[in-house]
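J.: Those letters in the sequence shown? Residues 572 to 792, per my numbering, in order.
Be aware that a few hints might be false.
What the hints assert, rightly or not - Under the rule of at most 20 Å between Cα atoms (straight-line distance), these lysine to any residue pairs were calculated in the SDA-like manner: (1) Lys685 <-> Ala652; (2) Lys634 <-> Ala711; (3) Lys634 <-> Pro753; (4) Lys634 <-> Ser726; (5) Lys749 <-> Leu776.
Because the hints were derived from the structure by calculation, they are not lab data.
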Amino acid sequence: MNTTNASSPAADTRQLDAWLDALQLDADAAQRQRLLDYLALLQRWNRVYNLTAVRDPEQMLAKHLADCLALIAPLRALAPARLLDVGSGGGLPGLVVAILLPATEVVLCDAVRKKCAFLQQAAATLGLRNVRVEHGRIEALALPPFDCITSRAFSGLAEMLRLTRHLLRPGGCWAAMKGVRPDAELAALPDDVHAEVQPLAVPGLDAQRCVVWLRPIEPKP
572 MNTTNASSPA
582 ADTRQLDAWL
592 DALQLDADAA
602 QRQRLLDYLA
612 LLQRWNRVYN
622 LTAVRDPEQM
632 LAKHLADCLA
642 LIAPLRALAP
652 ARLLDVGSGG
662 GLPGLVVAIL
672 LPATEVVLCD
682 AVRKKCAFLQ
692 QAAATLGLRN
702 VRVEHGRIEA
712 LALPPFDCIT
722 SRAFSGLAEM
732 LRLTRHLLRP
742 GGCWAAMKGV
752 RPDAELAALP
762 DDVHAEVQPL
772 AVPGLDAQRC
782 VVWLRPIEPK
792 P
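Let the hints inform the model, and build the full structure from the sequences given.
T.: Take a look at the structure:
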């Protein structure tokens, strides 16, 4: 007989607490519960809408939630007032960012309507008043500029810059989540962009992860 793997709420809570401790992330009880509620929503919607290829609950914890948690500390240090998550899909990392950076206005953008429907439902269910969802192709959106633009499994670095550069404010930056160091993508970047690769230690995930920080090089006067 086939069975569906399912982790218990208590086990998920213990795992989340352990990962937050490992990453030295402060999160109050309400934020911790929102993270677990978000994961439950993602699992439920994913059965019908195929928001992510990862379906096993324990794998979702490690490959999605823990992965995005590793980005929070550097984003908190950056303290962006406005953040755009492109190709947000199931809300990774955008909804995780919105939960743990409540002072940041987070805009989630995706070209797929069903994914935007999930993002809107998740934001409402979780009570995230700092979230706004935009449906459409990112290159066609006209929005006020952002301090930081994040992406995860969206596109190559050069393509991401091409599609979103009009949405970055002067002095802003991109944060692209990647697996192994994307040397070929880095080599294809335009000359007027500075790149810095920051390795990410993701608890519970035996795989290389990094975030590529990109900043426009301002022309000399």
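J.: Taking the hints in turn, state whether each one holds.
T.: Now for the hints, and whether the structure bears them out:
1. Lys685 <-> Ala652: 28 Å, violated
2. Lys634 <-> Ala711: Given pair Lys634, Ala711 is violated - Cα atoms ~31 Å apart, limit 20 Å.
3. Lys634 <-> Pro753: 19 Å, holds
4. Lys634 <-> Ser726: 18 Å, holds
5. Lys749 <-> Leu776: 14 Å, holds
Violation of the numbered hints given earlier is confined to hints 1 and 2; the remaining hints are satisfied by the structure.
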